[in-house]
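Using the sequences plus the hints, can you model the full thing?
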Amino acid sequence: KPKDEEGPPPLISSHESVVEQSGNGQHSDRQVQYNRGSGNNLDLRYGLVNLAAFLAQAQVESIINDSCDETHHDKVDGVFPTSNSCGQYGLSYQDMSCPSSEQRYQCPVNDQMATVATHSGKYANSLYEFRPHFYCGASQKKTGSFDPISLMSMKGSFANRAGRTDVKRCCFWGRGAIMTKGTCMLGKLNFFLGAGAPNGRSTLYPDIDFCSGNICSKVDANPTLVWDIGLFEWTERIQAYNDGYFDYKKALIDFVDGDFTDGRFINTVSRIVTLGSANADGEVVNAGAKWSSFNKLLSYLDLKASNKKYRWEGPERTSNGGTAWHRLEQFWCVFAGAGMLVMYNML
-9 KPKDEEGPPP LISSHESVVE QSGNGQHSDR QVQYNRGSGN NLDLRYGLVN
41 LAAFLAQAQV ESIINDSCDE THHDKVDGVF PTSNSCGQYG LSYQDMSCPS
91 SEQRYQCPVN DQMATVATHS GKYANSLYEF RPHFYCGASQ KKTGSFDPIS
141 LMSMKGSFAN RAGRTDVKRC CFWGRGAIMT KGTCMLGKLN FFLGAGAPNG
191 RSTLYPDIDF CSGNICSKVD ANPTLVWDIG LFEWTERIQA YNDGYFDYKK
241 ALIDFVDGDF TDGRFINTVS RIVTLGSANA DGEVVNAGAK WSSFNKLLSY
291 LDLKASNKKY RWEGPERTSN GGTAWHRLEQ FWCVFAGAGM LVMYNML
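For the sequence shown, our numbering begins at -9 and goes up steadily by one.
Incorrect hints may have been included.
The list that follows gives simulated cross-link-like pairs (lysine-lysine, BS3-like), each with its CA atoms no further than 30 Å apart [claimed, not checked]:
1) 65 / 132
2) 239 / 286
3) 239 / 132
4) 239 / 145
5) 131 / 145
6) 131 / 239
FYI, nobody ran anything at the bench for these hints, they're computed from the structure.
Given below as structure tokens:
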């Protein structure tokens, strides 16, 4: 953020906007979980680790290439199938639907949808520039592949890992900081933050239809859009994740209480972000990079050596001042997260 610009850093303003707007509905308790305890026993380490986990995912998914749209990562027989836009790592994004109790949020799958991904920033100076943009269309015409060695596109019928050879109805690939994907999550974005809000309810992005596929082209006019998408999914899906096998909040507490040593925590989170669930089949190709980013952030924070440094040492909170103190704690922790991000990009 340029020094001459006014206002809070993008990550701070994004969080406050997402919490305010997404609270207009059933999920009024949605916010990034920052701390544990209360009063003088308030422990901020849990919140800092939570933010570090989010930023580690974002660093690898989008920040490293300054990208809002998902791009090719999943190779089949050494090449990138054009139909990766339908889903990578064996996923089918159009079939990532909401449970029956949340069907009203889900994006409709329209046979006539057609859109093309956009790229920006560092893509212009890397091999990613040469990878074809994801696209979807109404035709069931067979699609080909792209060879990252020869940098040549090849025509013909070539299936992605899930067996798709066309791109019809395949407009639900990842967008935003942690590549939010699928008809359910993009539909929830549209309902809570976008043009799909019912009954004329005001939203953060009333002019963006997150179900249309035309999302990342709006980034220049909406600088915090990438963060807003990522923070929404983090609070809606990742923080709340509990499938009986893996409970995110419990795992976060166990990780901190266990002296930050259990690598299964961030590896499982990476699996949930990339593949949709903790026990999903398939390989998380960038798991090592996410693990490395996460540990660099933890090392920078020096949490082990400075236990008390991240405990609340201000006045005891009272019932009358609780809300004000809570917002101050929120602001401080998101600011810390933004600072971590800036510092990490300088490493």
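Tested hints:
With a C-alpha separation of about 18 Å, the suggested pairing of residue 65 with residue 132 holds against the 30 Å cut-off. Restraint check: the Cα-Cα separation between residue 239 and residue 286 comes to about 22 Å, which is no more than 30 Å; the hinted pair holds. Taken as a hint, the residue 239 and residue 132 pair is broken in the structure, with Cα atoms around 44 Å apart against an allowance of 30 Å. Between residue 239 and residue 145, the direct Cα distance comes to roughly 47 Å. Violation of the 30 Å bound is thereby established for this hinted pair.
Distance check on the hinted pair: residue 131 and residue 145 sit about 11 Å apart at the alpha-carbon level, within 30 Å; holds. A threshold of 30 Å between alpha carbons decides the hint, and for residue 131 with residue 239 the separation of about 45 Å lies outside it, so the pair is violated.
When the structure is compared with the earlier hints, violations turn up for hints 3, 4 and 6 and for no others.
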